[in-house]
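Colleague: Build the complex: two chains, separate frames, hints provided.
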Amino acid sequence: MSITEYFNLLFTDYTLRTISLGTAVLGAICGMLGSFAVLRKQSLLGDAISHAALPGIAIAFLITGAKDTNILLLGALVSGLIGAFWIRGMISKTHLKSDTALGLVLSLFFGFGMLLLTYIQKQPNANQAGLDKYLFGQAATLVESDVLLMVLVTATALVVVLLFWKEFKLLLFDPDYANTLGFNTKFIDILITFFIVLAIVIGLQTVGVVLMSAMLLAPAAAARQWTSSLAVMVFLAALIGAFSGVFGTAISASQDNLSTGPVIVLVASFFVVVSFVFSPTRGLLFKQIRLIKNRRDLQLKKTLQFMYGIAQTHESIDHPHTIRILNNFQGFTKKSLRKMEENQWILLNKQQWSLTLKGFTEAQNLFNQQTQHE
Amino acid sequence: MSSPQIEIQLIAALVAAACAIPGVFLVLRKMALISDAISHSILPGIVLGFFITQDLSSPLLIVLAAGTGIITVVLVERIQKTGLVKEDTAIGLVFPALFSIGVLLIAKNANDIHLDVDAVLLGELAFAPFDRLLLLGIDAGPKAAWIMGVILLITLSLLYLFFKELKVSTFDVGLSSALGFSPALLHYGLMSVSSITVVGAFDVVGAILVVALMIAPAAAAYLLTADLKKMLWLSVCFGVFAAISGYWLAHWLDASIAGSITTVLGLVFLLVYFFAPKKGLLSVMYRQKQQRTEVSLLTFLLHLNNHQETEERHINHLREHINWQQVKANTVVGLALDNNLITITNEVISLTTKGLSFTQTALEYIITNKDDKIEHLKDDFFLFRG
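Those sequence lines, one after another, are chains L and Z.
Counting in the numbering used here, the first sequence runs without a single skipped number right up to 374 at its last residue.
Counting in the numbering used here, the second sequence runs without a single skipped number right up to 386 at its last residue.
Bound-form chain Z, shown alone (with noise of 0.2 Å):
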C-alpha cells in the first residue's frame, strides 16, 4: 500500500463516521431526504462560494455553501407550512430549482470557473491526496482529510454533548419541549450539522455518495437494533467498512471509488435486509406465514367446536368444506395433532380437552375483543408454532 492510497482510505473511513451520525438522526426522525435536499441544493453556494474564494475547499466556502443548505431546509419548511403542497412535494420542488440555478451559473461562467457539475455530483476521491496542506511550509497531509476529521470532531462532541436532548426530541417531541429543549433548535442544530457535512464531504465523494453514506448505514443498523447507542456503533462500522472495501473494490475494477463504495453500502444493506434476525424479509415473511396457519388453525378448531355430527368432521369433508388445498390442510391439522388439540379417530377429527379449552379461551377473546385474553394463548397452548 502506497502513502497515497492509505490517505485515501482514511479520507474515506473519515467521511463515513462523519455522515453515519446525523444520518443515524435524521433516518430516525423520518427525514432521511432532507439530506438528499441539501446535497443537490448547496451547488449554488458552493458556485457562489468560488466565486468569492477561489479555492474549493477554503472553510469560507464550506460555511457558504452550508448555509444554503440551511436555506433549503427553511424554504421546505415555510412552503410546507403554507399547506398548499405536501413536504415531500415541498422538498421535490425546492432542491431542482436550486440546483438548476447552480448548473447555469457554472455553465454560463465555465471559462472562467474550474468546477464541473459531474465533480460536484460524483466527486473524485483518488484526487483528494493531491490537495496537501502546507502548514509553515511542512506538507501536513491532505487538505480533505483535515476539513472531514475537523467536521467529524465537531459532531463527535454536539453529539456527546447534546446526546441526551438529540434523543428525547427525537423519540419524543412532546415530552423534549416540555422538558425545555427547544426541538426547533435541536432540529436546525442537527440541519447544520448535516449541512456542513454534505458540504465537507461533497469533493471527495461528490453529492450522491453522501446521501448514501448518510442513509443506508443508519438504516440498515434500525434493522438490526432498537438502541440508539448501539445504532450509532453500528452506522459508523458499517460505513467505515464500507468506505474500505469499497475503494479495494475500486481498485480492482478500476472504476469509480465513490460509486463502488455505494455498492458496497448496497450489499451490506441488502444482507442485513434480508437477513436481519427480527425485522429482515426472511424472518418477517416467516413470522407472516407462521401467523397465517396460526389463525387457520383457529378457524379449524373454531370449526369443529360448532359441529358435533360426525359427518362435518370427517377429514376429507373438512378439507372440502374449509376449502383449503392440500398442503395447507395437511399443515394445520398436522400442527394440531403436535400440539395435542385434536385427536384422529377412524378419520374423525375431534377436540381434546386441551383443544376444547384453547376454544373457549380464543372465543372469549373474540366475544369481548380485549388483549389479555389473547396475549398468553400461544405461548399456554403451543409447544410447536405454525
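Same shape as in the complex, but just chain L (with noise of 0.2 Å):
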C-alpha cells in the first residue's frame, strides 16, 4: 500500500479511519498522564494496574451478563483502582518494597481475571465470547462510540491536568513542600493516580493488558530526553503518543497479520531509541561526541604542559627542542601538534618545536589552576 493509497484510504474507510483516530487519541491521553508516572518514579504502575484491571471486566460481566463495553471498563476502573491503593498500602504499612507490592498486585489480580475469565467461557452463555480482547487488545474492534469515550476522558483529563497544573507539578518535585504550602497532597495524589488508572483502562481494549504499560512509558520516556520542562514533554509525549497510534496504525493495516497493539508499542519503542541516541542534550551519541573532545582537549593541554616543563629548564622560552624528545610521552600525535600551533602555542620547524609566549602563559595558568584546586 502506497502512501497516497494510505491517505486515500483514510478518508474513505470507516475502518481505518475510527481506528486511527481512537489509537491517535489514546497516544495522546497516554503520552500525557504517563509523563507525570514516570516522573513520579512509578513507571511500572502502569504495568501492574492493566493486569489488575482484569478481574474487574470479568466480574463486571458476571453481574451484569452483558458485554457493554462502557460496563466492563467501569469494572476495569474499580479493580484498577483497588489495585492501584492496595499496592500504596503495602508499602506504606508494612516492610514489602514497591517492585515486590507491583509484582503482587500485578500476578495474582491478573491470575484470578484468569480464573474468572476461564469460568465464564465454561457457562452457558453466549454471550461470553470476546472478553479475551482485552488481553491482547484488538484495535479493530474500535467502533465510534469507543473513540467517542476515548475522547471525552482525553477531554476532562486535559481539563483537570490544566486546572491542577501548578500542583501536579509541585507534588512531582517537592512533595514535602507541597505539604507545607497547605495543599491537600493526598487529593492531588489520588486525583493524578484516578487519571492514570482511567487512561489505562481505556486502552486496555485496544493495546490489551500486557502492552498497556509501554503505551504509557514509552512516549514520556522519549519526550524526557528532548527538554527538562514539564510542560514541553507532557505535550511532546502526548505528540509522541498519538503519531505512534496513527503510525503503528497504518504500518499494521498496510499487511496482513499484523496485530495493531504491538505495532504501536515497536513504534513508540523506536521513538524512544532515537531519542536515546540523538537527543542533543541527553543523547548518547552528542555525550559521546563531548566526551571524546573533552578528552582530546585535555590530551593537548597535557603536551602543552610537558613541554612547558621542558621549557622551564632552559633559558629562553622559544628555544627549539626536537619532536623526537617528547617520544617518553605518548600523548601526541601529528595532528595535535599542529592543532596546538593553530591555538598558536608552538612553532613547528621541521622536526623541532619551540614554545610561544602565548603557550608559556598558557601553560604557566594552566598550572597555576591546577595548584589553586588543589
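No lab work stands behind these hints, which were simulated from the structure alone.
On a predicted model such as this, the values are computed, not experimentally measured, just so you know.
You may find that some hints are simply not true.
[What the hints assert, rightly or not] With a straight-line Cα cutoff of 30 Å, these simulated BS3-like cross-link-like pairs (lysine-lysine) come out:
{"hint": "1", "chain 1": "Z", "residue 1": "K229", "chain 2": "L", "residue 2": "K97"}
{"hint": "2", "chain 1": "Z", "residue 1": "K164", "chain 2": "L", "residue 2": "K41"}
{"hint": "3", "chain 1": "Z", "residue 1": "K370", "chain 2": "Z", "residue 2": "K289"}
{"hint": "4", "chain 1": "L", "residue 1": "K93", "chain 2": "Z", "residue 2": "K229"}
{"hint": "5", "chain 1": "Z", "residue 1": "K164", "chain 2": "L", "residue 2": "K287"}
{"hint": "6", "chain 1": "Z", "residue 1": "K279", "chain 2": "L", "residue 2": "K169"}
{"hint": "7", "chain 1": "Z", "residue 1": "K81", "chain 2": "L", "residue 2": "K41"}
{"hint": "8", "chain 1": "L", "residue 1": "K166", "chain 2": "Z", "residue 2": "K86"}
{"hint": "9", "chain 1": "L", "residue 1": "K93", "chain 2": "Z", "residue 2": "K167"}
{"hint": "10", "chain 1": "L", "residue 1": "K41", "chain 2": "L", "residue 2": "K97"}
{"hint": "11", "chain 1": "Z", "residue 1": "K230", "chain 2": "L", "residue 2": "K97"}
{"hint": "12", "chain 1": "L", "residue 1": "K186", "chain 2": "Z", "residue 2": "K328"}
{"hint": "13", "chain 1": "L", "residue 1": "K186", "chain 2": "L", "residue 2": "K133"}
{"hint": "14", "chain 1": "L", "residue 1": "K133", "chain 2": "L", "residue 2": "K166"}
{"hint": "15", "chain 1": "L", "residue 1": "K41", "chain 2": "L", "residue 2": "K166"}
{"hint": "16", "chain 1": "L", "residue 1": "K186", "chain 2": "Z", "residue 2": "K30"}
{"hint": "17", "chain 1": "Z", "residue 1": "K328", "chain 2": "L", "residue 2": "K97"}
{"hint": "18", "chain 1": "Z", "residue 1": "K279", "chain 2": "L", "residue 2": "K287"}
{"hint": "19", "chain 1": "Z", "residue 1": "K278", "chain 2": "L", "residue 2": "K93"}
{"hint": "20", "chain 1": "L", "residue 1": "K67", "chain 2": "L", "residue 2": "K166"}
{"hint": "21", "chain 1": "L", "residue 1": "K93", "chain 2": "Z", "residue 2": "K370"}
{"hint": "22", "chain 1": "L", "residue 1": "K169", "chain 2": "L", "residue 2": "K122"}
{"hint": "23", "chain 1": "L", "residue 1": "K335", "chain 2": "L", "residue 2": "K293"}
{"hint": "24", "chain 1": "L", "residue 1": "K93", "chain 2": "Z", "residue 2": "K354"}
{"hint": "25", "chain 1": "L", "residue 1": "K93", "chain 2": "Z", "residue 2": "K108"}
{"hint": "26", "chain 1": "L", "residue 1": "K350", "chain 2": "L", "residue 2": "K287"}
{"hint": "27", "chain 1": "Z", "residue 1": "K279", "chain 2": "L", "residue 2": "K41"}
{"hint": "28", "chain 1": "L", "residue 1": "K186", "chain 2": "Z", "residue 2": "K230"}
{"hint": "29", "chain 1": "Z", "residue 1": "K108", "chain 2": "Z", "residue 2": "K30"}
{"hint": "30", "chain 1": "L", "residue 1": "K93", "chain 2": "Z", "residue 2": "K30"}
{"hint": "31", "chain 1": "L", "residue 1": "K186", "chain 2": "L", "residue 2": "K287"}
{"hint": "32", "chain 1": "L", "residue 1": "K93", "chain 2": "Z", "residue 2": "K289"}
{"hint": "33", "chain 1": "Z", "residue 1": "K230", "chain 2": "Z", "residue 2": "K279"}
{"hint": "34", "chain 1": "Z", "residue 1": "K86", "chain 2": "L", "residue 2": "K293"}
[Stated by the list, open to error] Below, a sample of chain L positions facing chain Z; criterion: calculated Cβ distance under 8 Å:
{"hint": "35", "residue": "I63"}
{"hint": "36", "residue": "L108"}
{"hint": "37", "residue": "F110"}
{"hint": "38", "residue": "G111"}
{"hint": "39", "residue": "F112"}
{"hint": "40", "residue": "K169"}
Just so it is clear, CB atoms sit at the ideal spot from N, CA and C, and this is done for glycine as well.
Modeller: Written out as C-alpha cells, the structure reads:
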C-alpha cells in the first residue's frame, strides 16, 4: 500500500479512520498522563494496574451478563483502582518494597481474572465470547462510540491537568514543600492516580493488558530526553504518543497478520531509541562526542604542560627542541601538534618545536589553576 | 484420583518449589519485577527456538529462551546505566518491546507454528500429562515433570553450594565483594536460574503465574520471618500448598488451573498480609494506634507538668484545652490512671511522683534528643500499653 493509497483509505474507509483516530487519542492521553507516572518513578504502576483491571472486567460481565463496553470498563476501573491503592497501602504499612507490591498485585489480580474468565467461558451463555480481546487488545474492534469515550476522557483529563497544573507540578518535584504550603497532597495524589488508571483502562481494548504499560511509558521516556520543562515534556509526550498510534495503525493496516497493539508499541519504542541516541543534550551520541572532545582537549593540555616542563629548564622560552624528546610522553600525534600550532601555542619547524609566549602563559595559567584547585 | 490428576499435582508442586527459591532472592534484592520482565520477554526467544527445534519442550529451546531472559536483564542494566531513565522505566521499556516482537513473530508465522500467545501467557497445565517422555521406548512419565524436576534439582544444588555467598551478597553487597564473592557473578547466576525456571515453567503454567509463584510465596514468607532459611522453607511450603489446593479449586470450578493456583496464592498472601503476627496489617495498625495514644499521653503529662494552677488542670478544661475528642481524652486519662502516673482529686488532675519522674525523663529526651534516654522509658513506666 503506497502512501497516497493510505491517505485515500484514511478518508474513505470508516474502520481505518476510526481506529487511527482512536489510537491517536489513546496515544495522546497515555503520553500526557504517562509523563506524570514516569516522573513520579511509578513507571511500572501502569503495568500492574493494567493487569489488575482484568478481574474487574470479568466480574462486571458476571454481574450484568452484558458485554457493554462501558460497563466492562467501569469494572476494570474499579478493580484497577483497588489494585493501585492496595499497592500504596502495602508499601506504606508493611516492609514490602514497591517492586514486590507491584509484582504481587500484577500477578495475583491477573491470575484471579484468568480464573474468572475461564469460569465464564464454561458458562452456558452465548454472550461470553470476545472477552479475551482485553488480554491482547484488538484495535480492529474499535467503533465510533469507543473513540467518543476516549475523546471524552482525554478532554476531561486535559481540563483537570490544566486546572491542577501548579499542584501536579509541585507534587511531582517536591511533595513535602507542597504539603507545607497547605495543599492537600493526598487529594492531588489520588487525582493523578485516578486519571492514570482511567487512561490505562480505556486503552485496554486497543492494546491489551500486557502492552498497556509501554503505551504509558514509552512516549514519556522519549519526550523526557528532549526537554527539562514539564509543560514541554507533557506536550511532546502526547504528540509522540499520538504519532505512534497513527503510524502503528498505518503499518499494521498495510500488511496482513500484523496486530495493531504490538506494532504501536514497537513504533513508540523506536521513538525512544531515537530519542536516547539523538537528543542534543542528553542523547548518547552527543554525549559520546562531547566526551571525545573533552578527552582530546585534555590530551592537548597535557602535552602543552609537558612542553612547558621542558621549556622551563631552558633560559629562553622559544628555545627549539626536537619532537623526538616528546617520545617518552605518549600523548601527542602529528594532528595534535598541528592543532597546538593553530592555537599559536607552539611553533613547528621541521623536526623541531618551540613554545610561543602565548603557549607559555597558557601552560603557566593551567598550572596555576591546578595548584589553586588542589 | 486418576493418574493424570496425580501427575498434574506433581508438576504443579515441582513448578511451585522451583519458582519459590529464586523468588525469595528476587524479593529480598528488590528485583521482583525482573521476573515479570523476563517472563514476558522470553517470548521471542521461545518463538525463535521453536523455529529451530520444532519442539516446545526441547532443552535447546529452554536454553535459547533463557538466553533472551538474560539479554533482557543486560539490556535493562545498560539502559539504566546511561542515566537517561530510572530502572523501573528501563524495565517497562524493554519487555513490552521484546514481547511485541514475539507476538508479531507468532502472528506472521501463524500457519507454520503451533504456538499461540494465549498458551505462552496462560499455559495449560491440564494438557501437561499428555506430553510423555519416552526413554528407550518406555513411558517414563510426563515430560514437564522431568524438566521441572531437573530445574529444581539444579536450583537446589546451586542453592546448597552457594548459600553463604548468596546470603552475603543479598544483604551486604559491599561486604560480599570485599570477601571476594563477585556480586556480579552471583547476580547473573541468579538471573540465569530465574530465566531457566521461567522458561521451564511457562508452557506448563504460563508466564503470569510464574511471576505469581515467584513473588507471592516469598512476599508472604517475608512478612512472617526475618530468617533467610525459614523464609526459603516457608515460601516453598506456601507455593506447594497453593499449587495443590489450586488444582482442586480449578477441578471444582472447572476453570483454568493456573488462574486458580494464583487465586489461592492471593488468598494465602492476603491472610498473611492481614494477620501476620508482627508485620501484618492489623498488628501494624494496632501498634500505630498504641503509639499515637502513648504520644498523646506524653503531651498530656507535659501539659500537667507545665501548669500548677488548678483551673488549668481541671478535667473538663483539659478536654477543651488540648482539643481532644471525648473518647480520646478518656483513653489517655484512663491509661495515665492505670499506669499510676496521675491522681484525680475533686476533678483536678495532678501528677504522682512516678508521673513526675516520667515527665522529667521525657523532657530530658526532648532536650538532648538522645535515644538512650527514651529506650527504656516505656518498659520502666508502663504497666499497661496504649
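Colleague: None of the hints should be skipped; say for each whether it holds.
Modeller: Against the structure, the hints:
This hinted pair checks out: Z:K229 and L:K97 have alpha carbons roughly 20 Å apart, not beyond 30 Å. Annotation: proposed proximity of Z:K164 to L:K41 is violated, straight-line Cα distance about 33 Å (limit 30 Å). For a cut-off of 30 Å, the pair hint linking Z:K370 to Z:K289 stands: about 24 Å separates their Cα positions. Distance check on the hinted pair: L:K93 and Z:K229 sit about 25 Å apart at the alpha-carbon level, within 30 Å; holds.
Proposed proximity of Z:K164 and L:K287 is contradicted: the alpha carbons are some 41 Å apart, above 30 Å. Between Z:K279 and L:K169, the direct Cα distance comes to roughly 35 Å. Violation of the 30 Å bound is thereby established for this hinted pair. Under the criterion of a C-alpha separation no larger than 30 Å, the hint pairing Z:K81 with L:K41 is consistent with the structure, at around 16 Å. Proposed proximity of L:K166 and Z:K86 is supported: the alpha carbons are some 24 Å apart, at most 30 Å.
A C-alpha spacing of about 26 Å is found between L:K93 and Z:K167, which places the hinted pair at or below 30 Å, so the restraint holds. Distance hint between L:K41 and L:K97 is fulfilled; the C-alpha atoms sit about 14 Å from each other, no more than 30 Å. A C-alpha spacing of about 20 Å is found between Z:K230 and L:K97, which places the hinted pair at or below 30 Å, so the restraint holds. Straight-line distance between C-alpha atoms of L:K186 and Z:K328 comes to about 25 Å, which keeps the hinted pair within the 30 Å bound.
Only pairs whose Cα atoms come within 30 Å are accepted, and L:K186 paired with L:K133 is rejected, the gap being roughly 35 Å. Straight-line distance between C-alpha atoms of L:K133 and L:K166 comes to about 38 Å, which puts the hinted pair past the 30 Å bound. Our distance criterion of 30 Å between C-alpha atoms is met by L:K41 and L:K166, whose separation comes to about 19 Å. At roughly 26 Å between alpha-carbon atoms, L:K186 and Z:K30 fall within 30 Å of each other, so this suggested pair holds.
Between the alpha carbons of Z:K328 and L:K97 the distance comes to roughly 33 Å, so the proposed pair goes past 30 Å and is violated. For the suggested pair Z:K279 and L:K287, the alpha carbons sit about 47 Å apart, so the restraint of at most 30 Å is broken. Between Z:K278 and L:K93, the direct Cα distance comes to roughly 12 Å. Compliance with the 30 Å bound is thereby established for this hinted pair. Distance check on the hinted pair: L:K67 and L:K166 sit about 40 Å apart at the alpha-carbon level, beyond 30 Å; violated.
Pair hint L:K93 plus Z:K370 holds up; C-alpha atoms about 27 Å apart against a cutoff of 30 Å. A hinted pair counts as satisfied when its Cα atoms are at most 30 Å apart, and L:K169 with L:K122 does not qualify at roughly 49 Å. Among the hinted pairs, L:K335 with L:K293 is consistent with the structure: their alpha-carbon atoms are about 14 Å apart, no more than 30 Å. A C-alpha spacing of about 35 Å is found between L:K93 and Z:K354, which places the hinted pair above 30 Å, so the restraint is violated.
A hinted pair counts as satisfied when its Cα atoms are at most 30 Å apart, and L:K93 with Z:K108 does not qualify at roughly 47 Å. With a C-alpha separation of about 37 Å, the suggested pairing of L:K350 with L:K287 is violated against the 30 Å cut-off. Restraint check for Z:K279 and L:K41: satisfied, since their Cα atoms lie roughly 26 Å apart, inside the 30 Å limit. Between the alpha carbons of L:K186 and Z:K230 the distance comes to roughly 38 Å, so the proposed pair goes past 30 Å and is violated.
The suggested pairing of Z:K108 with Z:K30 is violated, with an alpha-carbon distance near 37 Å, which exceeds 30 Å. In summary, the hint linking L:K93 to Z:K30 is supported, as the alpha carbons are separated by about 17 Å, within the 30 Å threshold. As the CA atoms of L:K186 and L:K287 are separated by approximately 39 Å, the hinted pair breaks the 30 Å bound. Annotation: proposed proximity of L:K93 to Z:K289 holds, straight-line Cα distance about 13 Å (limit 30 Å).
Between Z:K230 and Z:K279 the alpha-carbon distance is near 16 Å, which keeps this suggested pair within the 30 Å criterion. A hinted pair counts as satisfied when its Cα atoms are at most 30 Å apart, and Z:K86 with L:K293 qualifies at roughly 27 Å. Against a cut-off of 8 Å between C-beta atoms, the interface hint on L:I63 is violated, since the closest Cβ of chain Z lies about 17 Å away. A distance limit of 8 Å between C-beta atoms decides the matter here; for L:L108 the minimum to chain Z is near 4 Å, and the interface restraint holds.
The beta carbon of L:F110 comes within 5 Å of a beta carbon in chain Z, closer than 8 Å, and the hint placing it at the interface holds. With 8 Å as the threshold, the beta carbon of L:G111 comes within range of chain Z, its nearest partner Cβ sitting at about 2 Å, so the hint holds. Interface hint status for L:F112: upheld, as the beta-carbon distance to the closest one in chain Z is roughly 5 Å, under 8 Å. The criterion of a C-beta within 8 Å of any C-beta in chain Z is not met by L:K169, whose closest approach is roughly 19 Å, and the hint is violated.
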